[in-house]
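Enquirer: Dock chain E against chain A, hints included.
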Amino acid sequence: MSSAITARGPIVEARAIHKHFGHLHVLKGVDLVVAEKELVFLIGPSGSGKSTLLRCLNRLEDPTSGSVTVDGIDMLDPRTDINKARQRIGMVFQSFNLYPHMTALGNVMLALRKVLGMGRAEAEAKARAALDRVHLADRADHYPLQLSGGQQQRVAIARAIALEPRVMLFDEPTSALDPELVGGVLAVMRELREDGMTMVVVSHEMGFAKAAADRVVFMADGAIVEEGKPAEIFADPRHARTRAFISQIERH
Amino acid sequence: MTNWDRFVDSFFNARVMAQYLPKIIEGFGLTVVLALCIIAAGLALGLLLAVVRAFGIRPLNWLIIFTVDLFRALPPLVIIVLLFFGLPNAGVELSGFVASWLALTLVLMAFAEEIFWAGITSVPKGQWEAARSTGLGFVQTLGYVVLPQALRITIPPLTNRTIAITKGTALASVVAVPDILGAANAGVSFSFNPSPLTLGAIAYLVLFLPVVVLGRWIETRFAWKR
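If you read the sequences in order, they're chains A and E.
Every letter in the first sequence is one number past the one before it in numbering that gives the first Met the number 0, and letter 32, counting from 1, is 31.
Every letter in the second sequence is one number past the one before it in numbering that gives the first Met the number 0, and letter 93, counting from 1, is 92.
Rather than coming from a laboratory, the hints here were simulated on the basis of the structure.
Cβ atoms here follow ideal geometry from the backbone N, Cα and C, with glycine treated the same way.
There's no promise every hint is true.
To be verified - To give a feel for the contact side, a few chain E residues facing chain A, derived at Cβ under 7 angstroms:
1) Val122
2) Gly125
3) Ala129
4) Leu146
In isolation and in its complexed conformation, chain A is listed as follows:
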């Protein structure tokens, strides 16, 4: 019995997710349950469907079939106010996707003002606090193009956490970064983890997975091949597919 999970209750519960893109069957009945304060790492070769799975959780992609519940909200119910539901799910993208016409502060403030309906002063205080959490308080008035990739990604994290989400989704947050900038982003993610944020991370940062993840899920060809504690998956994978993938990744 998964007592740990039932005790804290799952934040994310995705069941039997199928996703077709035309003739491509990219998710073939995936189940993913994430408990509160858990950090789950999704790994797997490119094209295995891990990013698509992540995007099904906040319905940036509509699953073809299956069910997704986040923080008790049925995400696929047409009666669900998807914009309201998404306030509880922060997302960070590989390419940062900051709004180039707004300062760092403006990027963080937009949803606070327009989604949560905060006044300017309140939103600004909140946004500055969020930027402080990612150690960029002194860059509040910079435009994205004036920031390094690592700083941009940290602003993107601030933009998401300012809304106080119940779960954060990271879609390859460090893949577009120069190696020397990865550390700063991972440090912020680790602090989030220590503050008890529930996180689902698609990434190839195996060092970070070993150090910080509660669970590693290995996907291939649109299905979950195996999952377990990082130590089990990395040191003693049961499946040949997992073994091959991990040895390939670790060689780099």
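Expert: What follows is chain E alone, placed relative to chain A:
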């Protein structure tokens, strides 16, 4: 009379010019009003159509694309003549001014829609996704995130197109509107001397040269920061 004297007498006849200057100035005022009306209505309608098109309602989009292609394909003069000489047969009488305004507005609307639409589609998908993932709705995302970026890149082509179409106000003279060219033509007919046309050309330069220079300035300004 030498050839040079004849040339000066034909195109720079001071007496004729002085006589028709007031008419040209009136025409200048009319051209400015017509141009401003076309720019305001054409750009507003173009933006409106592009925004409606962003909603992706299939039948509506087919209608928009059809309309826009129609007015991009038809020569503006043909539209003016159709509205002015054709519509009365259907019981709708338009003044020359209104017919010209409507025709050029529709043409500017069509080109502006295509330019605005190109701007909207050039904004990366990730911008939509990032905004939507924070809970912003479709309209909010369009308004706060996508359009500001789209408008920025559309400004240079839009300025060019607006100048090109606004110069078409000269076509209004065909349907008896006393704009700059209309006033100049009338002056030529009455005085048997083309000097009013010289005045007309100068009036167009006074009107459009600053606009062209402004367009160039806007273009460099907005091209460089991105």
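Enquirer: With 7 angstroms as the cut and Cβ atoms as the points, is Val122(E) at the interface with chain A?
Expert: Nearest chain A Cβ about 10 angstroms off; hint violated.
Enquirer: Using the nearest Cβ pair, does Leu146(E) come within less than 7 angstroms of chain A?
Expert: Not OK, violated: Leu146(E) not within 7 angstroms of chain A, min 10 angstroms.
Enquirer: Have a go at the Ala129(E) hint: is there a Cβ in chain A nearer than 7 angstroms to its own Cβ?
Expert: Given a least distance of 4 angstroms, the restraint on Ala129(E) holds.
Enquirer: Tell me if Gly125(E) is really an interface residue toward chain A, meaning its C-beta lies closer than 7 angstroms to one of theirs.
Expert: 4 angstroms, holds
Violated hints for the displayed structure, listed by number in ascending order: 1, 4.
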